[in-house]
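Undergrad: Residue numbers (UniProt numbering), protein chains in the order written: chain U, 1 to 143; chain E, 1 to 112; chain Y, 1 to 805.
Covered stretches of chain E, going by a simulated chain Y footprint (3 or more residues, C-beta under 8 Å):
{"no.": "1", "segment": "7 to 14"}
{"no.": "2", "segment": "39 to 46"}
{"no.": "3", "segment": "64 to 76"}
{"no.": "4", "segment": "89 to 95"}
Keep in mind the hints are simulated off the structure, nothing from the lab. None of the values given here were measured: they were computed from a predicted structure. Where a beta carbon is used, it is the ideal one built from N, C-alpha and C, also for glycine.
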Amino acid sequence: MINQPNDMMFRVFIRLIAIIVVTFSIYLFFSGHNAPGGGFIGGLMTAIAILVMYLVFGTKTMNAALPFNYPYMMSIGLLVAAGTGIISVAFGYPYLKQFFDYFQIPIFGEVELTTALIFDLGVYLLVVGSAMTFILSIVEDDS
Amino acid sequence: MEIVMSAVIGLIFAVAIYLMLSRNIIRVLIGTLMLSHSVHLILLTMSGLQRGAPPLLFLEAGAYSDPLPQALILTAIVINFGVTAFVSVLVYRTYKEHKTADLYDLRGAKDE
Amino acid sequence: MTILHLAVLAPFLFAILVPFLFKYFRKVHTGWFVLFVPLILFIYFLSYISVTSDGQAVMQRMEWVPSLGINFDLYVDGLSLLFALLITGIGTLVILYSIFYLAGKEERLNHFYVYIMLFMGAMLGVVLSDNIIVLYVFWEITSISSSLLISYWYAKKASVYGAQKSMYITVFGGLSMLGGFSLLYVMAETFSIREMIGNADLILNHDLFLAAMILVLLGAFTKSAQFPFHIWLPDAMEAPTPVSAYLHSATMVKAGIYLVARLTPVFAGGAEWFWIITAAGIFTMAWGAISAVRQKDLKAILAFSTVSQLGMIMSLLGAGSAAFYYMDGDNALYTTAILAAVFHLINHATFKGSLFMVAGIIDHETGTRDIRKLGGLMTIMPITATISVIGLAAMAGLPPFNGFLSKELFFTGITNVAQYDMWNGDTIGMLLPVIAWIASIFTFAYSAIIFFRTFRGKFKPDMLPVKEVHEAPAGLLISPIVLVAAVLMISFFPNILAYSIIEPAMMSILPGILGEGSNFYVDIYHWHGINLELMMTLGAVIIGTIIYVTMNKWSKLGIYQNEQDIMTTVYDNGYDALIKGSQVLTRIQMTGMLRDYIVYMVIFIVLIMFYTMFRFEGFQISMENASEIGIFMYLILAALVITIMLLPRVNNRMTAIILAGFVGFLVAFIFTVFRAPDLALTQLMVETVSVILFMAVFYHLPNLTKDNIAPLTKAINIVVAGSAGLMVALVSMSAFTYGQTTPFDAISEYFIENSVELAGGYNMVNVVLVDFRGLDTMLELLVLGIAALGAISMIKLKVKEDDDV
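With the rest of the complex left out, here is chain U:
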């Protein structure tokens, strides 16, 4: 895409920024159940971080650096989301019934773990996958 040779500062800083954005997106993802955030927002923000790097480094470099198959990521996300529902069916509950409990974990203290988080992980993966698929399908089209 846009690939200019003399932008040293830009290239250095964009890595830093991307790391911060990804970290923040992971925070948003985890905090989703109790504060603003969640799979959709986290996923979109991660996608933005990756896209920004694509803008700066170009598709060739990025494809080598992050060799994800985004359509696969999408389908894995869908499977994960659908899978959590099937687990509850296996235990005789309605499809997509979610469970939660509080656990004591070293370092973090009391932590709430929910199956909804796994469902949200599916959402996250699908959103990243589909956002990247849309844009890369156009960018990588060589016709």
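Add chains E and Y to chain U, keeping to what the hints say.
TA: Chains E and Y in isolation, oriented as in the chain U frame:
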């Protein structure tokens, strides 16, 4: 506030439809985007604006704004993203295939 | 589920086996397996004779959709048993015949026998169902299987044409009938025919009576090929001959007769029923007979003859319905017509079945059915000739054959109408015997044509496709011989079926008009003395002979040369006009321009919305309870308005993207102000990704140019867009006002109370998404996934140069 909001929403809607009636495929694309903005705002306005705290229970407010329309809008935004992205790719592909962005030129042959 | 139910379903179940039998037992003709089904069923139904001949009936119930009153109830009485025996009896003979008729290695027997079994089961269902909805379902299956059988040799254009024609006409009738049945349900509040007969008074005096009657009769008339719907039957002759003999002469076309007979107790008693059926029947009889004389194809003659004979039975049922007016079952003045109808129904099945099979034999052995090419087959095919002499004599109504007996009864029944002292029976009713007499003249004439043109005259071997013409194999001859034996049996012992079949059938057509314990007494005999009926027969024979003898003279006329039915011309032109009309309509509306389609949609939505809102007084706007507005909100909204107004004027793609993005960010800002942090975040993210996406897309697209739109179109666009905007604004205001003025419990309370307790989450929006409404989110993911996959395939799909996109 709701009345003023409704008027603005009506304006956005009208412009969106107007854009969708254009000859240029790019304007149609932007029109669909504007259309979805206005729909999201309608959903928000219908439920009443600025009533109670954000729907976050740890704030322990006396009243919360209605979470259900917000969940609906959130779904709508994401679906709309999918649709917009799909239409964008469609526009791109159409242009690559036919070398024109003018919808009048894109119409099929008369006898079809 | 009883044995009776199983009997109806047996052909369907066996149909599943047919393809396997065809595939794994190629050495044995599939027909031999199939033969057992109708044979066993025939024997099974024979056992019911002992029940029905006492005037009793059997009802077997099975629930299907009990909540709607639709049950698979089967009812066996004299009438349904008569038909069940016809279906299985003729069915056995026809399948036996088909084994030899379709002996070629190339025949797709698996298809053929599946369709035949489908038809047999459906037809049994039609005549045995007590529930009209079940009857309707079976009725349509007979139409479908008939169509499939007509198009059995689908490579022939005429087959497909005939199949389509029969499908359109009979399905049109079937749907009308469904409408009639629905009206019957509205009137009688039951789907059961038994209960309807019980509530006949309720139906007779209802406003919807006439409408229901006409709709049901449309179904019966289309199926039984009454004028003007008879045109499908001659074209149905493209089917293999066993099918013509079975469906299109003996059973399916009699479904309409059955329906009329079955519903006589419900509808009869009024002048409308009497006149519509009698008039349609008698006219069809004359039309069919006269048209038959013009045909050159053996099967076409037989087809029009069938049309004519069906009309005759129909008119008898109409004439006999007067018995309900007089409620006098013992007086033969009114019941003779019904007797004649039932008797002729049986006779017609026997002689017409054998004649169709003969036509098939001739086609099979000589390769043609054209009477202009045939001739002199008497000495070459003596057995076939004998069979057809008997069949044709019965059809022409010559003594002593059974056709003569039923024709005499027919004349009696139809002349009796003149003695009815109501419904203009003594004035217009006088016409009926005249038309009937004319029809029987032509019946005699075409019977003569079939015999003399096929079996007498000069043998013309050079005109026949087959070189060596000889007598048909024994297998082909068995079935017509059995049928002709039945003809002779009934001819010489006409009362053989009187007690066991005819009387019970009359009982079920005319229930409740006999005194307690009494029976219809049927005694059919040949010699009535020299009376009007005999004179009519004599006259028909004499004039018919004259017509045949002078054939060489009148056959040069144009009306003979052009054998196409007027109604077929009407049908063809109507069909073409329909297709052309729809094409014109489509072309006017389908302009191929996105703009026009959007205009249609928007106008329609706006109109329907305004109409509904005004109709139910939905517009209400009040400023009460409206929330406070801060000065910064005015600023945001002003920015939004300015940006939005600029958008249509922009002629630069980069500016357009930036403005569109700006609108998105302003919307996100509005979300923040109105306490929706999740929405604001999502909107921001989506907007960012969208802008990147647009950059990628627009990079490849040409720059925006000023739209070159005609001023009028532009004005229309502005009006359409403006009205849509106005509608949305008004609806939004009204919705808000309504929510304020009409308090109701918001369902959100449930989420607020249970979010932490049930789902352990403090962010209600997220909890709703992933927990309470998880399935919705799941489907949303699916949509997103499908859209992404669609995008990939759109890009990866490379269209070749010459392909149309």
